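Chains as they are written, first to last, in the working numbering: chain S, 1 to 423; chain P, 1 to 168.
FYI, nobody ran anything at the bench for these hints, they're computed from the structure. Treat the hints with care, as some may be off.
[What the hints assert, rightly or not] If you want the footprint, here are the derived chain P segments under chain S, 3+ residues with CB under 8 Å: (1) 48-59; (2) 92-101; (3) 125-132; (4) 144-158.
[To be verified] If we take Cβ atoms under 10 Å as the criterion, some of the chain P residues that face chain S in the derived model are: (5) Lys81; (6) Ala84; (7) Ile106; (8) Asp109.
[Stated by the list, open to error] Calculated pairs, DSBU-like style, for lysine-lysine (alpha carbon to alpha carbon, straight line, at most 30 Å): (9) Lys147/P x Lys104/P; (10) Lys18/S x Lys8/S; (11) Lys43/S x Lys21/S; (12) Lys348/S x Lys122/P; (13) Lys92/P x Lys348/S; (14) Lys77/P x Lys227/S; (15) Lys98/S x Lys43/S; (16) Lys348/S x Lys77/P; (17) Lys56/S x Lys77/S; (18) Lys81/P x Lys147/P; (19) Lys392/S x Lys17/S; (20) Lys98/S x Lys56/S; (21) Lys43/S x Lys17/S; (22) Lys77/S x Lys348/S; (23) Lys227/S x Lys104/P; (24) Lys340/S x Lys18/S; (25) Lys103/S x Lys56/S; (26) Lys227/S x Lys147/P.
Values in this document were obtained by computation on a predicted structure and should not be read as measured data. Just so you know, even glycine gets a beta-carbon here, dropped at the ideal spot from N, CA and C.
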Amino acid sequence: MNAIGPMKTALLIDESKKIFKVSRQAFVDPVILDAERAQIFDKCWLYLGHSSELAKPGDFVTRQVGGRGILFARDGKGNLNAMLNTCPHRGTQVCREKHGSAKSFQCFYHGWVFGLDGTLRSQPGEASYAEDFKERSTSSMQQVPRLESYRDFNFICFDKNVESLSDYLGPVREYLDVICDQAETAMTIVGGTQEYSMRANWKLLTENSIDGYHALTTHATYLNYLKATTGGLAQVAFEGSARDLGKGHAVLEYQAPWGRPVAQWIPSWGEDGKRELSRLYDGLVNRFGKERADRIATFNRNLFIFPNLVINDIMAVTVRTYYPAAPDFMNISAWALAPKEETEWARKYRLFNFLEFLGPGGFATPDDVEALEQCQRGFRNSSEAQWNDISKGMGKTNPSYDDEAQMRAFWSNWNEHIFRASA
Amino acid sequence: MSDGGTVMQTIARTDVEDFLFAEAELLDEWRLPEWLELFTDDAIYYVPATDLAVDASPDNNLFYIADDRFRLSERVKRLMKRTAHAEFPHSKTRHLVSNVRIRKRIGDDLEVSSAFITYRTKDGVTDVYFGSNRYRLVPGNGTFRIKEKRCLLDSEGLRAQGRVSIIL
Numbered sequence: 001m002n003a004i005g006p007m008k009t010a011l012l013i014d015e016s017k018k019i020f021k022v023s024r025q026a027f028v029d030p031v032i033l034d035a036e037r038a039q040i041f042d043k044c045w046l047y048l049g050h051s052s053e054l055a056k057p058g059d060f061v062t063r064q065v066g067g068r069g070i071l072f073a074r075d076g077k078g079n080l081n082a083m084l085n086t087c088p089h090r091g092t093q094v095c096r097e098k099h100g101s102a103k104s105f106q107c108f109y110h111g112w113v114f115g116l117d118g119t120l121r122s123q124p125g126e127a128s129y130a131e132d133f134k135e136r137s138t139s140s141m142q143q144v145p146r147l148e149s150y151r152d153f154n155f156i157c158f159d160k161n162v163e164s165l166s167d168y169l170g171p172v173r174e175y176l177d178v179i180c181d182q183a184e185t186a187m188t189i190v191g192g193t194q195e196y197s198m199r200a201n202w203k204l205l206t207e208n209s210i211d212g213y214h215a216l217t218t219h220a221t222y223l224n225y226l227k228a229t230t231g232g233l234a235q236v237a238f239e240g241s242a243r244d245l246g247k248g249h250a251v252l253e254y255q256a257p258w259g260r261p262v263a264q265w266i267p268s269w270g271e272d273g274k275r276e277l278s279r280l281y282d283g284l285v286n287r288f289g290k291e292r293a294d295r296i297a298t299f300n301r302n303l304f305i306f307p308n309l310v311i312n313d314i315m316a317v318t319v320r321t322y323y324p325a326a327p328d329f330m331n332i333s334a335w336a337l338a339p340k341e342e343t344e345w346a347r348k349y350r351l352f353n354f355l356e357f358l359g360p361g362g363f364a365t366p367d368d369v370e371a372l373e374q375c376q377r378g379f380r381n382s383s384e385a386q387w388n389d390i391s392k393g394m395g396k397t398n399p400s401y402d403d404e405a406q407m408r409a410f411w412s413n414w415n416e417h418i419f420r421a422s423a
Numbered sequence: 001m002s003d004g005g006t007v008m009q010t011i012a013r014t015d016v017e018d019f020l021f022a023e024a025e026l027l028d029e030w031r032l033p034e035w036l037e038l039f040t041d042d043a044i045y046y047v048p049a050t051d052l053a054v055d056a057s058p059d060n061n062l063f064y065i066a067d068d069r070f071r072l073s074e075r076v077k078r079l080m081k082r083t084a085h086a087e088f089p090h091s092k093t094r095h096l097v098s099n100v101r102i103r104k105r106i107g108d109d110l111e112v113s114s115a116f117i118t119y120r121t122k123d124g125v126t127d128v129y130f131g132s133n134r135y136r137l138v139p140g141n142g143t144f145r146i147k148e149k150r151c152l153l154d155s156e157g158l159r160a161q162g163r164v165s166i167i168l
């Protein structure tokens, strides 16, 4: 049985000739999107939210994850619950607010009331129901099949037989540790969500988020801006490597001339900033020794977790996830992550760094949006012009941050997910 | 009565409207360097994320845009370049300004609110931005300068606009 019509693979690979091509059909075909929903979004671990977003018992957020509506809430015991946001009675979406704090959730249609863990507490006309009705698990809101977390990043999976999150992440965990260890206490999501969209296939944003090759051309105006700030950039060249982390995950780790609030100083941050960053850096050395402190402080990481989570620890830390609504349309949500205990100074400059570069009002992201939408437009020619080339750096033992090894890692795993059913 | 107070009493809503309509025209005609001159040296231009309180600060909340005068001038410089890819070729825009009210007088300054609808068309796609603007205007020389412009989008995020590459 062939799942994707006559297609058996979307990749054209010849290692000896350093050929690695991706069929543009993968970006435009609705049949491919159906297969992605079934083979990827229904089977992989997906990011739901950060524990800091539900700081107190009763805190909740509602989110679209993998096509489902999820109610994510912290109950009275402090436990996190991820529930399908649908009333077990007739299907109504129970919680209609995006975030807030509650003692219970009431479906407005017939008035059923659920606890913070989704358990049915009461329903009007109880006497007309079976005696054990409330005790039946089918009377309560349904939990997602799996909810697990690593360093306060909470993931869900709709396949109850999936491997543990820890096994799924594998070597990704070490990079999450490096990112989270910049905080002495814990990392926290800062208030304010950037919610935007692109008229482009979701996989284009995967590529773009881990693409070191496009910076100098797409983002020329951003780099010009940085040079125009008082004193300009740090005396650091773009240099680093890319790593395939298995299972489609990948990371770039590199040095760059922009300021990092933990902890690479640039002249425009002045003497106050210099003192603050030295204090932070000394703290890191005390806790981890010089080698790891240097890695945390001065190296940037663009971390990609298959299939659709990007955690970029660059001039600020962004957590970004995105879902296809159609082959040529995606919705994106992005948050800023920061050390909980950081000073007002560091928080302010971190956020300024974030929105200068990242986000749909910045000096860089709008040009990424344009690039990705123009790719999607270019794919209108995909009947004749059929292939994307991502061969840069093939055959190298140590691919550079601006090669395309990390994209090949993503695509190889994607291809495996989509076509293994038909193999 | 101070001179400032006298100035205040002579300012009518129509004076403010004329100024805001002229601002909209500069934006729609892509005369951005002239538009920038409307701002004071200590001016700020904010577009907060849409899930924040209206008076949230960009020092501890994530915005879409939080420009001081320097970053605003760099924004203008960038938008006038061919390499600001999101706006090359320039999109066509129409800024409609309505519901103008003088909210408060703070010393010589005016706190003004307005409603806006801005259309942006490029490559056959038209997006609509809508919401309210809160201005702090400084009167002088028969006109105003903008000390603060806070643009509060009414949409849920930027779907489907995808970006704020124009000035709202």
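Evaluation of the provided hints:
Figure legend: the region 48-59 of chain P, annotated as covered by chain S; annotation consistent (8 residues with Cβ-Cβ distances under 8 Å, at least 3 required). Counting residues of the region 92-101 of chain P whose beta carbon lies closer than 8 Å to any beta carbon of chain S gives 0, which falls short of the minimum of three for the stated coverage. Interface restraint, the region 125-132 of chain P with chain S: violated (1 residues with C-beta to C-beta distance below 8 Å; minimum three). Only when three residues or more bring their CB closer than 8 Å to a CB of chain S does the claim for the region 144-158 of chain P stand; here the count is 3, and the claim holds.
About 6 Å separates the beta-carbon of Lys81/P from the nearest beta-carbon of chain S, less than 10 Å, and the hint is met. For the restraint placing Ala84/P at the interface with chain S, the shortest Cβ-Cβ distance is roughly 6 Å, inside the 10 Å limit, so the hint holds. At its closest, the beta carbon of Ile106/P sits 25 Å from a beta carbon of chain S; the interface hint therefore is violated under the 10 Å criterion. Restraint check, Asp109/P versus chain S: the minimum CB separation of about 25 Å is more than 10 Å; hint violated.
Straight-line distance between C-alpha atoms of Lys147/P and Lys104/P comes to about 15 Å, which keeps the hinted pair within the 30 Å bound. Restraint check for Lys18/S and Lys8/S: the C-alpha separation of about 21 Å stays at or below 30 Å, so the hint holds. Using a Cα cut-off of 30 Å, the hinted pair Lys43/S and Lys21/S holds, with the two alpha carbons roughly 26 Å apart. Proposed proximity of Lys348/S and Lys122/P is contradicted: the alpha carbons are some 34 Å apart, above 30 Å.
Between Lys92/P and Lys348/S, the direct Cα distance comes to roughly 34 Å. Violation of the 30 Å bound is thereby established for this hinted pair. Taking the CA atoms of Lys77/P and Lys227/S, the gap is about 13 Å. The hint holds against a cut of 30 Å. For a cut-off of 30 Å, the pair hint linking Lys98/S to Lys43/S stands: about 26 Å separates their Cα positions. Restraint check for Lys348/S and Lys77/P: the C-alpha separation of about 24 Å stays at or below 30 Å, so the hint holds.
For the hint linking Lys56/S to Lys77/S, the alpha-carbon distance of about 10 Å falls within 30 Å, and the restraint holds. Of the supplied pair hints, the one linking Lys81/P and Lys147/P holds, its CA atoms being roughly 26 Å apart against a limit of 30 Å. Simply put, Lys392/S and Lys17/S have alpha-carbon atoms about 12 Å apart, close enough for the 30 Å limit, and the pair holds. About 16 Å separates the Cα atoms of Lys98/S and Lys56/S, which keeps this hinted pair within 30 Å; it holds.
Pair hint Lys43/S plus Lys17/S does not hold up; C-alpha atoms about 34 Å apart against a cutoff of 30 Å. In summary, the hint linking Lys77/S to Lys348/S is not supported, as the alpha carbons are separated by about 34 Å, beyond the 30 Å threshold. About 40 Å separates the Cα atoms of Lys227/S and Lys104/P, which puts this hinted pair outside 30 Å; it is violated. This hinted pair does not check out: Lys340/S and Lys18/S have alpha carbons roughly 46 Å apart, beyond 30 Å.
Only pairs whose Cα atoms come within 30 Å are accepted, and Lys103/S paired with Lys56/S is accepted, the gap being roughly 11 Å. As the CA atoms of Lys227/S and Lys147/P are separated by approximately 26 Å, the hinted pair is consistent with the 30 Å bound.
Checked against the numbered hints above, the structure breaks hints 2, 3, 7, 8, 12, 13, 21, 22, 23, 24 and satisfies the rest.
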